[in-house]
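Q: Residue numbers (my numbering), protein chains in the order written: chain A, 2 to 422; chain B, 2 to 422.
Read the hints as simulated data drawn from the structure, not as lab findings.
Some hints could be false.
Pairs of lysine-lysine residues, derived as DSS-like cross-links and limited to a Cα-Cα distance of at most 27 Å, are as follows [stated by the list, open to error]: (1) B:Lys-236 x A:Lys-416; (2) B:Lys-232 x B:Lys-292; (3) B:Lys-252 x B:Lys-287; (4) A:Lys-287 x B:Lys-83; (5) A:Lys-126 x A:Lys-226; (6) A:Lys-52 x B:Lys-417; (7) A:Lys-236 x B:Lys-412; (8) A:Lys-250 x B:Lys-292; (9) A:Lys-83 x B:Lys-292; (10) B:Lys-236 x B:Lys-374; (11) A:Lys-232 x B:Lys-52; (12) B:Lys-416 x B:Lys-5; (13) B:Lys-252 x B:Lys-374; (14) B:Lys-292 x A:Lys-52; (15) B:Lys-226 x B:Lys-236; (16) B:Lys-412 x B:Lys-85; (17) A:Lys-412 x B:Lys-236; (18) B:Lys-250 x A:Lys-292; (19) A:Lys-250 x A:Lys-292; (20) A:Lys-292 x A:Lys-83; (21) A:Lys-236 x B:Lys-416; (22) B:Lys-292 x B:Lys-5; (23) A:Lys-236 x B:Lys-52; (24) B:Lys-83 x B:Lys-226; (25) A:Lys-292 x B:Lys-83; (26) B:Lys-417 x B:Lys-85; (27) B:Lys-232 x A:Lys-52; (28) B:Lys-236 x A:Lys-292; (29) B:Lys-83 x A:Lys-83; (30) B:Lys-252 x A:Lys-236; (31) A:Lys-236 x A:Lys-226; (32) A:Lys-252 x A:Lys-364; (33) B:Lys-364 x B:Lys-252; (34) B:Lys-292 x A:Lys-292; (35) A:Lys-417 x A:Lys-5; (36) B:Lys-374 x B:Lys-364; (37) B:Lys-292 x A:Lys-85; (38) A:Lys-83 x B:Lys-236.
Bear in mind that the values here come from a model prediction, so they are computed numbers and not experimental data.
The residues making up each chain are set out below.
There are 2 protein chains.
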Amino acid sequence: MEAKPNAIVAQSGGPTAVINSSACGVIQEVISSDRIGRVLGATNGILGVLKEDLFDISAESPETIEALKQAPAAAIGSCRYKLKSLEASRADYERILDVFRAHNIHYFFYIGGNDSMDTADKVAKLAAERGYELVCMGVPKTIDNDLAYTDHCPGYGSVAKYVATCAMEAGKDTEALYTTDTCSILEVMGRNAGWIAAATGLAQRCNEDAPHLIYMPEVEFTFDKLVSDVKEVLKELGRVFIVAGEGLKDKNGNYITADTGAFGKDSFGHAQLGGVAEILKAVIEKEVGIKVRFNKLGTNQRSAMHFASLTDVNEAYMCGQMAVRYAMADENGKMVTLIRQDGPEYKCTTGLAELIDVANGEKNVPAEYINEKGNHITDAMRDYVRPLVQGQAPITIGEDGLPVFVRFQRKPLEKKLPEYL
Amino acid sequence: MEAKPNAIVAQSGGPTAVINSSACGVIQEVISSDRIGRVLGATNGILGVLKEDLFDISAESPETIEALKQAPAAAIGSCRYKLKSLEASRADYERILDVFRAHNIHYFFYIGGNDSMDTADKVAKLAAERGYELVCMGVPKTIDNDLAYTDHCPGYGSVAKYVATCAMEAGKDTEALYTTDTCSILEVMGRNAGWIAAATGLAQRCNEDAPHLIYMPEVEFTFDKLVSDVKEVLKELGRVFIVAGEGLKDKNGNYITADTGAFGKDSFGHAQLGGVAEILKAVIEKEVGIKVRFNKLGTNQRSAMHFASLTDVNEAYMCGQMAVRYAMADENGKMVTLIRQDGPEYKCTTGLAELIDVANGEKNVPAEYINEKGNHITDAMRDYVRPLVQGQAPITIGEDGLPVFVRFQRKPLEKKLPEYL
């Protein structure tokens, strides 16, 4: 009797608090399926496939697999390795199929953003061309929330909850110390989309609350506007709390962190060393004459499992689980999407989008979510994000008082092919 | 019948997650005392006293006062206004007594660090000199944990729990993405003491866990050592996670952020714009040739009420409460201290120290808490900090899914004196 086909699951790009929940959904659903043999993990995403660096997730304990729901970052391992077009990266794509063939892999579940969906799409197409039976399914993942065809992305709800709370808390700090530490900046991620910055707007329940100003990459950024915005808030409240997306751009679409003009490195020096927050700080201190502090949460915002959204964890799991169910229902070459149902109660179901469409799409914060002045959000944005931050995802606390995060045993699969890369 | 004497409570310096718990302890205990009239708040610490900017905390609802236990930052308001010696700032000290007299204030509860204890001490001395009946009691507060005469400081346990968890979580991120994002730096507070940096050591349960390297101001910092430390960890694990205290110093005791030498602004440019993390990043990228990211939690670490230590919240409350009880027992001119009891179970009681002694003291991380290489902590440090991070302080979550933090109504007291400042 021929062995049942195996499945492989891989994670790609910047981790999130819930990418392991998606992995857990895939893994548990594969294990409960009688049509699939083992579920394998690709160490460090597609890099693990290329290097034939695989391990047997089926050999991990059920407790370890269940604990993925509570573990931030990518437990299977992630990477930033980019594959180009089928023509330009042909050897890589062929290698992927070779590795799949060598390990009897006929199901490929790829958890990631647009680039990953692009890779999965091309692998699916090459497999079809070669007559190799392969089901490729994408599971959405990105804190940036910029994937098209899905209401929102797993990972976003948790980062939204965390950064909004951070804005609230640091805002209280600024409120307490405003007589000297008058202005604070919270720099958040989002290179091209302002979804994360926008989420912090939920923290402002009344005028006094932080954040008072929110700058998103969707709005052309000018230092003149910044200075006048800051002065206006100062006049009203005597303090100002600013949230800045890391990817703010000037009128020409250039990142202000690369600015070489009047406010760039010539006048403020070595802007290349700093991010958006440093530049804003320098400008405000010089032009407004108040002390500015900044917080840069960095990777902590996308790994904040200790305050993750339960809604997000559950939806991330559902996306992973549904990817397998859709595969069992003969779907292929598609990514699972989240569909927000109409009605007074928030409810989300799943749907499907073509991998190629997701790969080529991008979703920015729409104009109706941004206020007229371009420095805060509207109630429509609040309504959009509010349901996504609901609930506290459970975590296990160890005897030392700190969270316990699982790590795989990683039983490596024997390599069957010549070395590559 | 003469009115009962009033009490005033003030908060000073950088806020913490639990400084309001201490205020709550003071306020609730004063309210339950039949020897004290009203409890007043000094808006923005001693600045509020000087400006006669006071409000009636007794007029706030009991629910608001109780909710202080869940509110980060300084709800009464804080400041960085520094009083000098009795001679140099005589007018200020006289003004404080004038304001106290005008509002029948005979109890002064000051929640803060050494500078605040110094102020409280001088106020007490001047009052005695002037024959004005005044009880001055200090309540310890600082995330820096550098106050002498107390086992630890309220505020420290919460920041310790939060930064250790952040190191754990961001460490997982680095572990997942190490093939490109090989090195991460977490910059934490602590200008002169490394207690906060040291606390992150608790996150490392095994060799693979972050943080791999911890740099504290107590150890002379050299870039050569940094580079060789990083290379050693890289060789073993292929990645490295570093925690750096913001106040790292060179062999001459100068902050490395003020460095103008080989690794200073001449070679890395405009170091004055950056903090420790930026400088370490620049050096490691150049000398080791790996990509470095950094997270700078800033004021978010000291305001992280969403993950505060229950032990810390309870002890902060106890310190406030005991300050009043000691005052009722005729103590004066003293600060409440925390005393760790001997025995297998962690237990803390309170004691007293002279304000002047606390003002002149400082407590750094002792040598036995730092490993021989000067780049991590010992088990003695783990044993010290572990009990302090235990338990999750409750927070109230609003319908919008985010924490609810209280804000005083602030019923201002009528001013009775001429303007000052």
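Q: Decide, hint by hint, whether the structure agrees.
A: Verification of the supplied hints:
no.: 1; hint: B:Lys-236 x A:Lys-416; in the structure: holds, 24 Å
no.: 2; hint: B:Lys-232 x B:Lys-292; in the structure: holds, 13 Å
no.: 3; hint: B:Lys-252 x B:Lys-287; in the structure: holds, 22 Å
no.: 4; hint: A:Lys-287 x B:Lys-83; in the structure: holds, 25 Å
no.: 5; hint: A:Lys-126 x A:Lys-226; in the structure: violated, 48 Å
no.: 6; hint: A:Lys-52 x B:Lys-417; in the structure: violated, 79 Å
no.: 7; hint: A:Lys-236 x B:Lys-412; in the structure: holds, 22 Å
no.: 8; hint: A:Lys-250 x B:Lys-292; in the structure: holds, 24 Å
no.: 9; hint: A:Lys-83 x B:Lys-292; in the structure: holds, 17 Å
no.: 10; hint: B:Lys-236 x B:Lys-374; in the structure: holds, 17 Å
no.: 11; hint: A:Lys-232 x B:Lys-52; in the structure: holds, 25 Å
no.: 12; hint: B:Lys-416 x B:Lys-5; in the structure: holds, 19 Å
no.: 13; hint: B:Lys-252 x B:Lys-374; in the structure: holds, 16 Å
no.: 14; hint: B:Lys-292 x A:Lys-52; in the structure: holds, 22 Å
no.: 15; hint: B:Lys-226 x B:Lys-236; in the structure: holds, 15 Å
no.: 16; hint: B:Lys-412 x B:Lys-85; in the structure: violated, 31 Å
no.: 17; hint: A:Lys-412 x B:Lys-236; in the structure: holds, 22 Å
no.: 18; hint: B:Lys-250 x A:Lys-292; in the structure: holds, 24 Å
no.: 19; hint: A:Lys-250 x A:Lys-292; in the structure: holds, 24 Å
no.: 20; hint: A:Lys-292 x A:Lys-83; in the structure: violated, 42 Å
no.: 21; hint: A:Lys-236 x B:Lys-416; in the structure: holds, 24 Å
no.: 22; hint: B:Lys-292 x B:Lys-5; in the structure: violated, 65 Å
no.: 23; hint: A:Lys-236 x B:Lys-52; in the structure: holds, 20 Å
no.: 24; hint: B:Lys-83 x B:Lys-226; in the structure: violated, 38 Å
no.: 25; hint: A:Lys-292 x B:Lys-83; in the structure: holds, 17 Å
no.: 26; hint: B:Lys-417 x B:Lys-85; in the structure: holds, 26 Å
no.: 27; hint: B:Lys-232 x A:Lys-52; in the structure: holds, 25 Å
no.: 28; hint: B:Lys-236 x A:Lys-292; in the structure: violated, 42 Å
no.: 29; hint: B:Lys-83 x A:Lys-83; in the structure: violated, 55 Å
no.: 30; hint: B:Lys-252 x A:Lys-236; in the structure: violated, 45 Å
no.: 31; hint: A:Lys-236 x A:Lys-226; in the structure: holds, 15 Å
no.: 32; hint: A:Lys-252 x A:Lys-364; in the structure: holds, 20 Å
no.: 33; hint: B:Lys-364 x B:Lys-252; in the structure: holds, 20 Å
no.: 34; hint: B:Lys-292 x A:Lys-292; in the structure: violated, 31 Å
no.: 35; hint: A:Lys-417 x A:Lys-5; in the structure: holds, 19 Å
no.: 36; hint: B:Lys-374 x B:Lys-364; in the structure: holds, 21 Å
no.: 37; hint: B:Lys-292 x A:Lys-85; in the structure: holds, 23 Å
no.: 38; hint: A:Lys-83 x B:Lys-236; in the structure: holds, 26 Å
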